[in-house]
Structure formats: C-alpha cells, structure tokens
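Make a model of the complete structure from these sequences and hints.
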Amino acid sequence: MLTRRTLVGAGIAGLAMGTLAPSWRPASADGRTLPAGIAELPRVGLGTWITFNVGHDPVLLARSVDVMRAFFEAGGGMIDSSPMYGSSQDTVGRGLLELGYPATLFSAEKVWTSSPGDGRGQTEQSLRKWGIDRFDLMQVHNLVAAESHLEMLLERKAAGAIGHVGITTSHGRRHSDMEHLMRQYPLDFVQLTYNALDREAETRLLPLALERGIGVIVNRPFRRGGLISQTAGSPLPGFAREIGADSWAQLLLKFILSHPAVTVAIPATTQPAHVRENKAAARGPMPDEAMRRQIARQVAAL
Amino acid sequence: MEQWLGYSLQDVILFSAETYWRLFERHNTALWPLPIISEMMGAGMLAAVVFGQRWSGTAACLAFALAWAFIGQAFLRGLYEPINWTIVHVIPAFWLQAVLLLVFCRKLTFGTGRLRTTIAAVLALVALAYPVAAVIAGRPFVQSEVLGIAPDPTAVATLAILILATPGWCRLLLSLIPAVWLALSAATLLTMDASTGWIPLGALALALVALTLPSTDIGEHRS
Chain A
155 MLTRRTLVGA GIAGLAMGTL APSWRPASAD GRTLPAGIAE LPRVGLGTWI
205 TFNVGHDPVL LARSVDVMRA FFEAGGGMID SSPMYGSSQD TVGRGLLELG
255 YPATLFSAEK VWTSSPGDGR GQTEQSLRKW GIDRFDLMQV HNLVAAESHL
305 EMLLERKAAG AIGHVGITTS HGRRHSDMEH LMRQYPLDFV QLTYNALDRE
355 AETRLLPLAL ERGIGVIVNR PFRRGGLISQ TAGSPLPGFA REIGADSWAQ
405 LLLKFILSHP AVTVAIPATT QPAHVRENKA AARGPMPDEA MRRQIARQVA
455 AL
Chain B
832 MEQWLGYSLQ DVILFSAETY WRLFERHNTA LWPLPIISEM MGAGMLAAVV
882 FGQRWSGTAA CLAFALAWAF IGQAFLRGLY EPINWTIVHV IPAFWLQAVL
932 LLVFCRKLTF GTGRLRTTIA AVLALVALAY PVAAVIAGRP FVQSEVLGIA
982 PDPTAVATLA ILILATPGWC RLLLSLIPAV WLALSAATLL TMDASTGWIP
1032 LGALALALVA LTLPSTDIGE HRS
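So the sequence lines, in the order shown, correspond to chains A and B.
Per the numbering used here, the very first residue in the first sequence carries number 155; after that it's consecutive.
Per the numbering used here, the very first residue in the second sequence carries number 832; after that it's consecutive.
Any given hint could be a false lead.
[Unchecked claim] SDA-like, lysine to any residue: derived pairs with alpha carbons at most 20 Å apart:
#1 A:Lys311 with A:Ile192
#2 A:Lys283 with A:Ala257
#3 A:Lys283 with A:Ala216
#4 A:Lys311 with A:Ser330
#5 A:Lys283 with B:Trp916
#6 A:Lys283 with A:Arg217
#7 A:Lys311 with A:Gly191
#8 A:Lys283 with B:Pro913
#9 B:Lys938 with B:Pro864
#10 A:Lys311 with A:Gln338
#11 A:Lys311 with A:Pro270
#12 A:Lys283 with B:Arg885
#13 A:Lys311 with A:Asp272
#14 A:Lys283 with B:Gly909
#15 A:Lys283 with B:Leu845
[As the list claims (entries may be wrong)] Listed below are several chain B residues computed to face chain A (Cβ distance under 8 Å; list not exhaustive):
#16 Leu845
#17 Trp852
#18 Arg908
#19 Leu910
If you are wondering where the hints come from, they were derived from the structure by calculation, not from laboratory data.
All C-beta atoms, glycine included, are put in the ideal place defined by N, C-alpha and C.
In structure tokens, the structure reads:
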C-alpha cells in the first residue's frame, strides 16, 4: 500500500523521471501549461452545483440536458460534479446518455466522505451514475479526510483507473491546508474560488500552483449568481469591447481566465444561452493587468 | 460528519428555489384533485376542532396521523429526498409522528379556553391559507403547499389542534416533531430568500406561546 511518505518520495522521483504528475509541458495555443496526459482543455467548463440538482423533475432534467447539449456544441470540456450535489451526478449521467457520451468530455468528480475506507466505493457509485468507466479527474472535496483519500486516488491513478488527481476548496476556506497539500503531494489540479471580488487565492495559492505546475480550476466564478445581479444595469468599462466582452458575465470570466495560473473556470447555469455566452468569454483577447485592476475596482464599488 | 464542518446553512441548501417549488407543482399535479379535497376536508376538520365538536379532537388526530405518514412517503421520500439527501433522516420522524398521533390521540383531552381557541383558529386559517400565500409570493397556484399533503401547512394545523389539548407530556410529545419541522422549514426557505419562510416561523412562534399558556386558560373540558 502506498503511504504519504512513499508517495511524496515517488512524486519527487517521478518528477525527475517524468513518470508521475505533476509533469508539465506547454500545451495550449494560448500558452497555458496543462498536466501531462491532457492535450487540450477548453478554458470554460461546466459546474453542476445547485443547477443540476433537479431530482426526477422531467422538465428540469430536459433543460439540464439542453444545457449540456449547448456545452458540447460549443466545444465541451470539463464537467465537474460531486456526491455532495444531490442528484447532479444522475443528471449528468442522463445528459451523457442522451448526448452519446461526447468525446470532448473531461469528467471531473470528487470523493466526499469523512470515512477513508468509503472513498473507493463512493467513486465506483459516482462512475455508475455518470455511466462511464473512468474519471479524467478525481478530487478530494473540500479537503475532507484529504490525506487518506489522496493516497487512495494516487494509487488508483498509478494503476490507470483515474486520469488525474486534485483537491478542492471553495468560499476561500482552508487555504493554508490546501497550500500544505500542494507542497506535499504530486497534485495535477486544485479547485478553488476565485473571482473579481474573492481574490485571496492571488496571494499564495495561485502563485504556488504556477510554481509547482498544478492546474487551477475556478469555482463560484459569479459567486452563485451574486456578481451577475450586482453588476446588472451597470455600464461595461470602455475597454470591454476591445477584448470582446459583450456582457458582465463575459468580462467577469475574462478576469478569471486572464490570470496566468488559471486553467479552467466552471460556471454553472440552467440556461443554454448562458453556456454559449460563457464559452465565448474564452475567445478573443484577455484583459491586461491594468484592465484587470479596473474590473476588480469597478465590481468592488458596485 | 467532518464533511460538513465549515459550511454555512446557505452552502448546504443544494437546490434552487425553482426546483423546490416545482416539487409542489409535481406533487399537486400527480395527486389532482386530491389537493382540493384535502384542503376542504382539512377546513372542515379544523373548524370542528376549533368550534368544539365533541368528536373532533380525536378524529382530527387520526386524520392527521394519516396525513403525516402520507407526506413522509409521497412528498419527502418521493420528491424531496432526491434533491436534499438530508431528508432521509427526516422521513422516519414523519412516520413516528403518525404513530404517535395514532397511539396517543385518545389520551388527549380538548378544552375551549378563549385565548387558546383564538390562537388555534388563527393557526388553522394560516394552514388553510398557504395556497393564497403562494400566489401572493408570485408563484403559480399549482405550486401551492396544501394542507394534508404538504408538510408545512400540515405541521401548522397539527399544532393548532394540539394547542386545544390539555397541557401534559402527551401534548408535548406530539408537538415536538411539528415544531422542529417548522423551524427547519423556515430556515430553509429564508436561506433561499423565500419571503414565505416567515409563515412557518411566525406560526411556530405563535404555537409556542400558546403551548406555554397556563392550563387555567382552558375552560370547558371535553374529550
């Protein structure tokens, strides 16, 4: 059985040999680096928190499938879910079944249980709900029983049962613990909250991710819709058109995506039109540092 | 439950208000025309209890026992649990409430004190007026919470009946689950920014006041 010590040792050795993540290479046309084994990853993914937890409601299930259809029509990429999110996993599974398991899917799931022994079984259950046989990324949700689960996940990654390994947090919680784990384990991804108002990650976590070559997934890009409401009716900055942002949603996403450490943002939505709008934010120029400061200032002032 | 550490109530409401209110739409549609029948039967039952019909207290407890069991199975298990898995721990409480009402209904004695009757009447009207509240809150009528088939108005009506029973351990026992449910429901709704969350909270506060009134308020006793 792998232990943390052997894993850390293996991680260091793996780095030297190029066999165990994180091993990095420039991959994207936009110059981002991606974890080994990922040729390309669209910069705007799809979150499922709240929006896909619709139970057996046939109307809302159909709408969720429409959201997924729009997502894959616009290039697909990462769909992120968790056992914590009610029926969201079932909804994703239904959408994938109806859409024929699109090849552009990058499946991101989480293990979320305080019992270390339950992690593997929970992962198997998640696979059944998605209707797939392997996750591209497995993350430890909110760092719950993180070290035990990471050992299990890294062992499964080494066996080829999962693609990549990560850890998550949200709402700016437990950044110190996340930093510690980023230094101790050979992680491929971290997931955290980052947006024009929640910028704590800029001080330590994002630079550390860049330094260690860890991909960054950004959750709550709109603060559960709060930033969209907050900016509604407020005029866009003059430079928005220059960088191809037609709405605050796109500008807020461009703010996130323009940080050099950020790999992908995962906004959640119930509207296919919003999927297309979010996806479009990844195209065109990104704001420079002065524009980023202005976006943050303007949003904070609202 | 280490996985819950650090979360606020808002973080653990994992569904949208739209999805929540759609539960009632699906419930009412699937049961139609039971919502109308249940509301009318509930109105008659509550009127009989409040106006002191001799048979009514025990009969109401039996009817509400059936309602609690039905809601536990049809609404909580069938509809609510898939979007809120914490409800799996609540369903047994609804069944327990049904059993408690069945077992202890004959041990209750009902009185007609003026203040208690007034409060019980107000609560009964609140329970019956939930569909009106839905429309006022801007939801379609079909998304109404209906007495006898939806948890909140049923819990309010149960407390209205129990207020008219003589104080004692039996009434306390029967009041516990409805009161806790109303507190949970109010917290859920207010976290979702639903203005109707004040209804279960206000009803609970009123019921608690009435339940702590001294027994001298009870006048003529009947069973």
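Now the hints, each set against the structure:
The suggested pairing of A:Lys311 with A:Ile192 holds, with an alpha-carbon distance near 14 Å, which does not exceed 20 Å. Only pairs whose Cα atoms come within 20 Å are accepted, and A:Lys283 paired with A:Ala257 is accepted, the gap being roughly 18 Å. With a C-alpha separation of about 17 Å, the suggested pairing of A:Lys283 with A:Ala216 holds against the 20 Å cut-off. The straight-line distance between the Cα atoms of A:Lys311 and A:Ser330 is roughly 25 Å, outside the 20 Å bound, and the hint therefore fails.
Distance check on the hinted pair: A:Lys283 and B:Trp916 sit about 16 Å apart at the alpha-carbon level, within 20 Å; holds. Only pairs whose Cα atoms come within 20 Å are accepted, and A:Lys283 paired with A:Arg217 is accepted, the gap being roughly 18 Å. With a C-alpha separation of about 12 Å, the suggested pairing of A:Lys311 with A:Gly191 holds against the 20 Å cut-off. Proximity of A:Lys283 to B:Pro913 is assessed by CA-CA distance (about 13 Å); at most 20 Å being required, the pair is judged to hold.
Proposed proximity of B:Lys938 and B:Pro864 is contradicted: the alpha carbons are some 34 Å apart, above 20 Å. A C-alpha spacing of about 17 Å is found between A:Lys311 and A:Gln338, which places the hinted pair at or below 20 Å, so the restraint holds. Pair hint A:Lys311 plus A:Pro270 holds up; C-alpha atoms about 17 Å apart against a cutoff of 20 Å. Restraint check for A:Lys283 and B:Arg885: not satisfied, since their Cα atoms lie roughly 55 Å apart, outside the 20 Å limit.
A threshold of 20 Å between alpha carbons decides the hint, and for A:Lys311 with A:Asp272 the separation of about 17 Å falls inside it, so the pair holds. Our distance criterion of 20 Å between C-alpha atoms is met by A:Lys283 and B:Gly909, whose separation comes to about 19 Å. The straight-line distance between the Cα atoms of A:Lys283 and B:Leu845 is roughly 18 Å, inside the 20 Å bound, and the hint therefore holds. A cut of 8 Å between beta carbons decides the hint on B:Leu845: the least distance to chain A is about 5 Å, and the hint holds.
The restraint placing B:Trp852 at the interface with chain A is violated, with a minimum CB-CB distance near 11 Å, outside the 8 Å limit. Here the hint on B:Arg908 is broken, as its CB sits about 12 Å from the closest CB of chain A, past 8 Å. For B:Leu910, the interface hint holds, since its Cβ comes within 8 Å of a Cβ in chain A; the closest pair sits about 7 Å apart.
Hints 4, 9, 12, 17, 18, counting from the list given before, are not met by this structure.
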